[in-house]
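Chains as they are written, first to last, in UniProt numbering: chain A, 1 to 337; chain B, 1 to 337; chain C, 1 to 337; chain D, 1 to 337.
Simulated from the structure, these hints should not be mistaken for lab results.
Among the hints, erroneous ones may be present.
Which copy? The list can't say, so a pair holds if one copy fits it or any two copies do.
Heads up, simulated DSBU-like pairs for lysine-lysine below, C-alpha to C-alpha not over 30 Å straight-line [as the list claims (entries may be wrong)]:
#	residue 1	residue 2
1	Lys2	Lys25
2	Lys16	Lys2
3	Lys5	Lys119
4	Lys333	Lys5
5	Lys16	Lys264
6	Lys317	Lys97
7	Lys226	Lys330
8	Lys2	Lys64
9	Lys226	Lys317
10	Lys211	Lys137
Remember, predicted model here, so these are calculated numbers, not experimental data.
4 protein chains.
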Amino acid sequence: MKKIKVGIAGLGRLGKVHANNIAFKIPNAELTAACSIVPAELEYAQKELGVTDVYTDFREMLAKADIDAVAIVTTSSEHCWQIEAALDAGKHVFSDKPLGVNLEECKQAEAAVERHPDKIFFLGFMRRYDSSYAYAKQKIQEGAIGTPYMVKATGIDPEALVEGSIKFAATSGGIFIDMAVHDIDLMRWFLDDEPTEVYAIGSTFKHPEFKAVGDDETAVATYKFKNGGIGVIHVGRTAPHGYHVETEIVGTEGSIRISPVPEKNLAMLYNSNGVVTECVEGFPQRFAEAYLLEMQEFINCVCEGRKPGVTVYDGTKSTAIAFGTTEAWKSGKVVAL
Amino acid sequence: MKKIKVGIAGLGRLGKVHANNIAFKIPNAELTAACSIVPAELEYAQKELGVTDVYTDFREMLAKADIDAVAIVTTSSEHCWQIEAALDAGKHVFSDKPLGVNLEECKQAEAAVERHPDKIFFLGFMRRYDSSYAYAKQKIQEGAIGTPYMVKATGIDPEALVEGSIKFAATSGGIFIDMAVHDIDLMRWFLDDEPTEVYAIGSTFKHPEFKAVGDDETAVATYKFKNGGIGVIHVGRTAPHGYHVETEIVGTEGSIRISPVPEKNLAMLYNSNGVVTECVEGFPQRFAEAYLLEMQEFINCVCEGRKPGVTVYDGTKSTAIAFGTTEAWKSGKVVAL
Amino acid sequence: MKKIKVGIAGLGRLGKVHANNIAFKIPNAELTAACSIVPAELEYAQKELGVTDVYTDFREMLAKADIDAVAIVTTSSEHCWQIEAALDAGKHVFSDKPLGVNLEECKQAEAAVERHPDKIFFLGFMRRYDSSYAYAKQKIQEGAIGTPYMVKATGIDPEALVEGSIKFAATSGGIFIDMAVHDIDLMRWFLDDEPTEVYAIGSTFKHPEFKAVGDDETAVATYKFKNGGIGVIHVGRTAPHGYHVETEIVGTEGSIRISPVPEKNLAMLYNSNGVVTECVEGFPQRFAEAYLLEMQEFINCVCEGRKPGVTVYDGTKSTAIAFGTTEAWKSGKVVAL
Amino acid sequence: MKKIKVGIAGLGRLGKVHANNIAFKIPNAELTAACSIVPAELEYAQKELGVTDVYTDFREMLAKADIDAVAIVTTSSEHCWQIEAALDAGKHVFSDKPLGVNLEECKQAEAAVERHPDKIFFLGFMRRYDSSYAYAKQKIQEGAIGTPYMVKATGIDPEALVEGSIKFAATSGGIFIDMAVHDIDLMRWFLDDEPTEVYAIGSTFKHPEFKAVGDDETAVATYKFKNGGIGVIHVGRTAPHGYHVETEIVGTEGSIRISPVPEKNLAMLYNSNGVVTECVEGFPQRFAEAYLLEMQEFINCVCEGRKPGVTVYDGTKSTAIAFGTTEAWKSGKVVAL
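Full structure from sequences and hints, please.
Shown next, in the form of structure tokens:
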């Protein structure tokens with residue numbers, strides 16, 4: 001069995017997840033190099049992952065490491081140039097979402113992908129690979145709900161982790177840039193259509209720190225789609241019960257709803273509170289399997305010379321829609337997309 | 001519209017429920033007399049129900065009151081002679097369960113019913129009239145689960161009300177006599193068959209007061225049925241979440257499960273405990289509608305001269321099975337029924 | 001016990017529900033008169049309800065019947081003048097929602113109510129009296145979810161009944177007037193605040209008949225509230241599983257969700273489809289208890305000289321918001337309320 | 001990082017699961033040898049797992065292969081002698097359940113384990129490692145349900161796979177030997193106690209083929225425990241909705257129920273059947289993660305020289321209890337354990 005040699009860039013919380021998956025859980029991959037500007041992360045790569053070929057400079061890794069592919073899990077603002085550099089260096093590229101932090105660099109990334117049609121480019125919209133979401137898509141393709149025409153998506157981070165969001169609020173680009181990109185992608189994917197118009201409002205009732213820097217703690221956006229479909233995205237940061245990601249796809253013959261109760265596992269408690277289901281605590285727990293499945297799919301695409309379902313254009317579009325939504329939210333006006 | 005005139009005997013907790021239903025919620029009934037040995041209960045009848053014709057003696061009510069029917073909601077040990085006296089006085093009879101406290105008096109009640117084939121006798125197995133149980137029976141009759149061959153029943157009183165059970169433990173006849181009669185009736189009804197053998201065990205971990213008087217706090221009985229079916233009844237007295245009545249009927253093509261989550265209403269709370277459903281607090285709340293529906297059915301049977309689905313023999317059999325189960329539990333042996 | 005004498009106007013589907021409740025299920029009420037322009041309805045009143053004092057003219061009933069109160073369950077366009085006439089005739093008034101079909105007549109009804117401060121006026125927003133909604137309100141008042149700041153409401157009629165909606169579409173005033181008034185009222189009630197702005201979009205994928213008359217089959221409205229709260233209403237007419245009314249109230253410390261699974265009863269089926277919960281088929285089934293509870297509350301208010309929680313102003317405001325929402329939906333613009 | 005070298009014996013359906021986990025998903029393990037009497041299985045090892053060192057004779061693998069540990073996933077009747085041979089050859093041993101097919105060989109396996117206190121012996125009761133079961137155990141240890149005193153376990157194979165069970169029925173040892181061992185282990189584990197007595201009954205309503213060979217299609221066993229606890233096990237082979245494994249642990253302060261709805265994933269369908277949750281299709285799907293987690297724990301125990309929670313005695317006891325249960329079922333009598 002041929003093993004794809006992968007170098008990872010970025011070993012923060014999510015980087016570690018991807019690195020472990022590549023190193024230990026994907027039969028046809030091996031992690032042969034790692035790059036980070038954080039010394040402790042390289043030490044982690046050496047000690048925990050057994051990767052001895054480590055770099056502090058991304059371009060140096062591209063030039064020297066024995067790698068077929070690169071997994072980019074760096075800060076969002078680094079994604080685009082690293083994608084371009086890696087593709088130009090002849091590597092296959094997995095990049096975590098978002099594609100980029102502005103449309104110009106997204107376009108540059110698109111150009112790089114187009115320049116290298118023989119290379120695999122994979123964008124980390126892992127929810128598409130989650131077994132529940134993939135099942136929903138398959139059921140829809142089988143006609144289980146007729147024509148899907150509406151997506152209602154909710155994504156609320158746990159109150160338990162709100163301090164991190166508060167700290168990051170001033171520089172995150174706002175709640176839609178920060179939180180809605182996955183939901184925007186899902187909405188486009190399930191409806192197989194593009195939004196043409198958005199209206200958005202936000203509110204802050206619990207943590208004035210968000211308002212203080214021009215952000216909001218909760219927000220809702222409503223989208224009109226080209227073919228007449230509707231999207232509603234509700235994002236928030238203060239779920240007391242855990243990490244709440246819920247999605248409903250409504251069609252002419254039925255609907256599919258994913259995780260209205262974001263259960264931690266299959267156990268229910270019957271106690272003096274009533275009947276209680278404890279919930280997942282954060283995205284790494286909720287999407288652990290999806291992160292593995294998407295990386296496995298990336299590696300399989302590389303092995304088989306097959307293009308993945310998610311494209312670079314999905315990245316650009318999601319980013320553009322997130323910006324349009326942000327404009328609607330800030331202006332209070334309906335914005336054409 | 002002809003209204004059936006009813007006299008009620010017994011105005012305790014459940015008696016009040018029945019009295020209010022007869023007085024105010026059943027179009028073709030009116031409550032015209034009441035009997036109780038408790039002065040406060042007769043005062044209640046006069047003030048709250050507008051019943052002026054009240055008695056302290058059951059036979060006197062039969063002799064003097066302007067009534068077509070009697071609703072007997074007295075202490076269990078009074079049921080049988082009151083049934084007999086009422087039928088012999090030419091009245092239709094509704095009696096709360098159990099039919100009687102020993103088989104001899106059950107047989108006497110049977111004889112009285114047989115003596116008066118033109119009178120309606122109705123036994124208060126209200127669960128059969130609960131909309132969920134009635135729906136289950138109907139689905140089964142429509143073939144939804146093929147041939148039903150197993151019933152798993154759970155009935156657990158709320159810990160919040162355990163003091164009452166403790167007080168009553170020494171004289172209740174034990175946990176199966178006290179608690180299992182409804183489940184025994186349901187088991188026979190859903191399987192349309194009779195048990196031939198029972199094995200039962202009990203345990204007491206929380207309230208030694210039960211053990212101290214020879215009772216148990218939790219118990220399980222397993223029944224073998226004539227046609228090969230199986231019944232399992234789990235009764236208890238210490239549910240921390242509320243009043244837990246759950247029943248599953250297993251058939252060759254499917255099963256039906258009733259209230260695995262004994263929800264108080266349709267609301268769910270998402271809070272720092274997780275996702276929480278609060279539960280019903282007791283049988284009056286859980287079966288409020290069933291008490292009304294069974295009494296309405298009794299009155300309709302009287303109006304239409306129609307025999308109800310539950311018979312006096314169902315009462316005798318449930319009582320006999322409860323006694324057999326008690327013998328199995330006390331002896332630790334398998335008991336033939 | 002004093003019984004309030006009630007005359008009912010209108011004996012269509014919902015009128016019959018109210019009439020039966022008044023006649024048979026409310027201890028301190030009696031149905032003494034009925035008015036309808038449909039002969040069969042008056043025949044029903046005589047035969048089924050035992051009401052012999054019947055009228056074809058509303059004003060005549062006011063003038064001649066022996067009634068303390070009137071229950072108005074006529075066509076929406078008749079509500080306001082009948083409210084006014086009844087109050088001016090010295091009767092207490094229960095009126096089904098909506099208050100009126102335009103703001104002018106709502107204002108006239110308001111004036112009539114103000115002219116008769118000693119009379120009870122009760123508007124039929126029965127959802128407030130449904131045990132799950134009332135429980136949610138109580139939990140919120142007890143602080144269970146902190147400060148409520150968002151309401152997400154879904155109301156979808158069953159596909160099984162869509163033919164009726166199609167027939168009525170050209171004259172219904174559009175989907176928001178027709179379907180959203182209850183959700184608008186709930187949103188205002190739970191947030192205890194008024195919306196200031198609305199954006200709305202609709203779509204039609206299954207039944208082009210709606211589009212053909214300028215209506216839509218599904219629609220979403222997003223509301224900004226004065227204090228910063230958010231409301232989202234999703235209405236539709238094609239739920240394949242039954243009658244879907246679901247409401248979520250989000251607060252700073254938790255949320256409450258009502259009937260995400262609009263279960264018909266407490267039974268679940270385990271069969272070759274999976275685990276299946278059958279759903280309620282329509283509003284009369286879902287809100288049967290609420291219709292009784294609201295009427296009981298009206299009668300109690302009359303008996304006790306107590307003003308109900310719902311006011312005539314709630315009626316005007318809901319109507320005004322429904323009109324504003326319709327304008328937003330038709331124009332595609334954000335509309336100030 | 002030291003990698004434990006593992007040789008696998010048996011590459012049937014479950015053997016393949018374990019082999020893939022060892023080969024690709026456990027960082028500190030590598031699959032270096034394989035043994036099977038089925039040529040296609042060895043070919044699978046070579047082609048799919050990259051294992052070149054293959055054997056048809058178990059003892060030969062022990063003698064020649066470069067392995068630290070052996071994973072035994074052969075036919076049940078081979079387990080005990082292979083365990084003994086492997087331990088005597090100085091290998092750590094993972095054996096799939098059951099420990100053995102009679103008590104004599106279980107005792108021999110015990111002796112072998114005792115002879116080699118420095119070797120890790122791990123018995124594949126994988127349910128203990130499933131995240132929901134492990135969570136339940138942890139919650140119980142934290143006191144969440146007070147003192148656990150009752151276990152109700154249900155394990156029903158899918159009707160879709162019944163043909164396999166029918167074929168195997170004559171030689172399986174009967175439904176309790178075949179299906180109840182996991183539930184017996186869980187019951188002992190959760191109650192931390194041993195059963196002293198069992199009563200059991202079976203029934204066959206759908207597939208007379210079971211009855212024809214002295215087996216049953218469904219069966220229930222009730223256990224009395226030393227400290228007064230109770231166990232109820234319901235096993236079956238004809239669940240129409242999928243693979244149904246459900247367990248409830250009842251304690252003095254609450255209960256925990258695991259997978260009353262054996263959901264396939266987090267999606268729910270709202271369609272003309274109602275609200276539908278599709279279910280897992282079989283044990284490999286339900287316990288995929290548990291198989292990985294238990295093997296990881298085995299390897300970690302080897303690396304750290306740490307004894308696992310499950311012991312060889314758990315294997316003997318579960319087997320003995322399964323035999324006692326079978327005797328109760330066959331004889332119709334209460335059997336002391």
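Right, here's what the structure says about each hint:
1. Lys2 with Lys25: both (15 Å within a copy, 17 Å between copies)
2. Lys16 with Lys2: both (24 Å within a copy, 20 Å between copies)
3. Lys5 with Lys119: within (14 Å within a copy, 36 Å between copies)
4. Lys333 with Lys5: neither (49 Å within a copy, 54 Å between copies)
5. Lys16 with Lys264: Result: close both inside a copy and across copies, 22 Å intra and 28 Å inter.
6. Lys317 with Lys97: within (12 Å within a copy, 45 Å between copies)
7. Lys226 with Lys330: Classified as both; 23 Å inside a copy, 17 Å across copies.
8. Lys2 with Lys64: both (21 Å within a copy, 28 Å between copies)
9. Lys226 with Lys317: Within one copy, since 14 Å is at most 30 Å while 33 Å is not.
10. Lys211 with Lys137: between (37 Å within a copy, 28 Å between copies)
Of the numbered hints listed earlier, the single one contradicted by the structure is hint 4.
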